[in-house]
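Enquirer: Going down the list, the protein sequences come from chains A and B.
Take the numbering used here: the last position of the first sequence gets the number 429, and nothing is skipped along the way.
Take the numbering used here: the last position of the second sequence gets the number 165, and nothing is skipped along the way.
A couple of the hints might just be wrong.
Here are a few chain A residues that face chain B, going by a calculated C-beta distance under 7 Å [said to hold, decoys possible]:
{"hint": "1", "residue": "84"}
{"hint": "2", "residue": "168"}
{"hint": "3", "residue": "182"}
{"hint": "4", "residue": "249"}
{"hint": "5", "residue": "250"}
{"hint": "6", "residue": "251"}
Computed Cβ-Cβ distance ranges for the label pairs, DEER-style [stated by the list, open to error]:
{"hint": "7", "chain 1": "A", "residue 1": "42", "chain 2": "B", "residue 2": "153", "range": "43 to 53 Å"}
{"hint": "8", "chain 1": "A", "residue 1": "369", "chain 2": "B", "residue 2": "112", "range": "48 to 58 Å"}
{"hint": "9", "chain 1": "B", "residue 1": "16", "chain 2": "A", "residue 2": "72", "range": "26 to 36 Å"}
Treat the hints as calculated values from the structure; they're not laboratory data.
Positions of the beta carbon are idealized from the N, C-alpha and C atoms, including for glycine.
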Amino acid sequence: MAEFRLLTKDIGSPELQTRAGYERAGGYQGLREAFKRFTPEQLVTEVKTSGLRGRGGAGFPTGTKWSFLPKDIFPRYLCCNADESEPGCFKDRYLIDENPHQLIEGVLIASYALQVNVAFIYIRGEYHEQRLLLERCVDEAIQAGYIGKNILGSGFDCDVIIHGGAGAYICGEETALIDSLEGLRGQPRLKPPFPAVKGLYGQPTVVNNVETLCNLPHIVLQGGEWFKSIGTEKSTGTRVFCCSGHINRPGNYEMKLGTPIRELLDEECGGMWKGRSLKAFQPGGGSMQVLLPEHLDLPLDMEAVAQCGSSLGAGAMVFMDESTCLVDYSMRLVDFYEHESCGKCVPCREGTYFESLLMHRLEAGEATPAELATLTDICSNMDGRCFCPLGDTATWFVLSAYRAFHEEFEAHCGAGECPVRARYAEKVA
Amino acid sequence: MTLSEETRATIERARERYPQPRSAILPALWAAQHEVGLLTPDAMREVATLLNLAPSEVEAVSTFYSMYFQRPHGRHEVVVCVNISCALRGADDIVAHMERSLGCASGETTADGEFTWSSTIECLGACGGAPAMQVDHHFQENLTAKRVDEILERTRGTPGLVSGQ
Chain A
1 MAEFRLLTKD IGSPELQTRA GYERAGGYQG LREAFKRFTP EQLVTEVKTS
51 GLRGRGGAGF PTGTKWSFLP KDIFPRYLCC NADESEPGCF KDRYLIDENP
101 HQLIEGVLIA SYALQVNVAF IYIRGEYHEQ RLLLERCVDE AIQAGYIGKN
151 ILGSGFDCDV IIHGGAGAYI CGEETALIDS LEGLRGQPRL KPPFPAVKGL
201 YGQPTVVNNV ETLCNLPHIV LQGGEWFKSI GTEKSTGTRV FCCSGHINRP
251 GNYEMKLGTP IRELLDEECG GMWKGRSLKA FQPGGGSMQV LLPEHLDLPL
301 DMEAVAQCGS SLGAGAMVFM DESTCLVDYS MRLVDFYEHE SCGKCVPCRE
351 GTYFESLLMH RLEAGEATPA ELATLTDICS NMDGRCFCPL GDTATWFVLS
401 AYRAFHEEFE AHCGAGECPV RARYAEKVA
Chain B
1 MTLSEETRAT IERARERYPQ PRSAILPALW AAQHEVGLLT PDAMREVATL
51 LNLAPSEVEA VSTFYSMYFQ RPHGRHEVVV CVNISCALRG ADDIVAHMER
101 SLGCASGETT ADGEFTWSST IECLGACGGA PAMQVDHHFQ ENLTAKRVDE
151 ILERTRGTPG LVSGQ
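Just chain A, with the same shape it has in the complex:
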């Protein structure tokens, strides 16, 4: 098997959903060791040594992010971003469902390193049952003395609050998440000041993804140097890849970074379904640019994928077979961004509206070549001109697909129907 299981090691055992079961699997040892062997400053250094980078999409080095907190300003806050809503992404739900205490332990270790006394887990509204599960696990952890005053006799106090969202992709953007947590409409804030300086309630704040925090117990127990030995030089450790689309075995697979994408597709996902061939894939979730079969030999490495004009993003891999219409696929993504645009800035609010209008006409075979030509214009008025990355990324996939599948887009103009669907229906008939 190509998988390398670190975060997902004992997954599959329902025992893990209880504190006692998690402890039997070695759980909360990382927190004990953190108190015993590290001062908060040493812990930040250890995480820096590990090379751990954020798993939410941007891939920023976690230890460096932590070190931006100004010294001597308290209180500070930690927000775990469990607002997972990136199209194609379902790893955070899996990590919470299967091993909720691992996340809570990670939150506590980070809180200790950052000297945070109140930490939040912001979980999207759709994950209602996962929120209830986390609330139950927090209660268990309080009873066992892992959360509360003087945790395990360390003198360190910390509360963990599970905060449910209510349906807004934008709240995965860290400053919108903070606004939402403060009880406001979840709209992004101007940066700077960055959350590390002025975040939740105007205090220094760190926002970290679920998977990022789940790595911490392992880094504490086995050391930053050990962690760094897994993966590539700049992309250390493992990542949980969410694989979906036209494959035989969709699911989450934890892989060492640096493994070829082909290995993930062939060995874990069981290859393309129905004996069909791969037409294209999206390597990092709905926001990232399209890649082609020729890119399958790329390693799962942030730098290598970035060099080909895309990104590993949030770790979601969507594979498309030969029957897929890239115009239809792009239209769905554009619809998603149009629906999720928060309305704060004009280029995003209006741009996604016009993008969506155009893509619907194109997919229906109603757009003219002159209309299609406006796509590039609309997108260039959005990318780099929006208040936050939502509007920028609303242009990335569709433009990359237009470049790579130019003829397919043009064939839709004036066709009166979707030519890809029509051709494929003929072929299989």
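Starting from the known structure of chain A, arrange chain B on it as the hints suggest.
Expert: Relative to the frame of chain A, chain B by itself:
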């Protein structure tokens, strides 16, 4: 008063736990919606009073988030994902089947008040089990027309998420 003692107590506990009481708006609105079935002006006013805010502030927040609603819904809520991963594995067929099975369009409620259903472009985060939907916030994955009918049949007549109904 619209809200029960129990819901008011839940909101007060949230208010005390957060460093600032305003942060309790989202949990308070969830508690109100799970009791009343929707966010009525009265329910939002009560939330505002409990959190020492103006009713307009609470309403402004409630209308931003797609999972809060201001008009009545059926006993059960069904949401079908139509984003990329689900679309690649037949979400459009599931949507067409829902329309036929329930006899109403996305966003509407069945005549008997049992189901409000909608298709959503917000990825539900169940791409590995696509096509997928949620019934009263519970994931149902690897859907086929037959499985959808079985799930709807099993759900019909059972209590929904709303305690006050």
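Enquirer: Decide, hint by hint, whether the structure agrees.
Expert: Right, here's what the structure says about each hint:
1. 84: holds, 6 Å
2. 168: holds, 5 Å
3. 182: holds, 6 Å
4. 249: violated, 9 Å
5. 250: With a closest approach of 4 Å, the residue 250 of chain A hint holds.
6. 251: The hint holds - residue 251 of chain A has a Cβ within 7 Å of chain B, the shortest such distance being about 5 Å.
7. A:42 / B:153: 43 to 53 Å: violated, 59 Å
8. A:369 / B:112: 48 to 58 Å: holds, 50 Å
9. B:16 / A:72: 26 to 36 Å: holds, 28 Å
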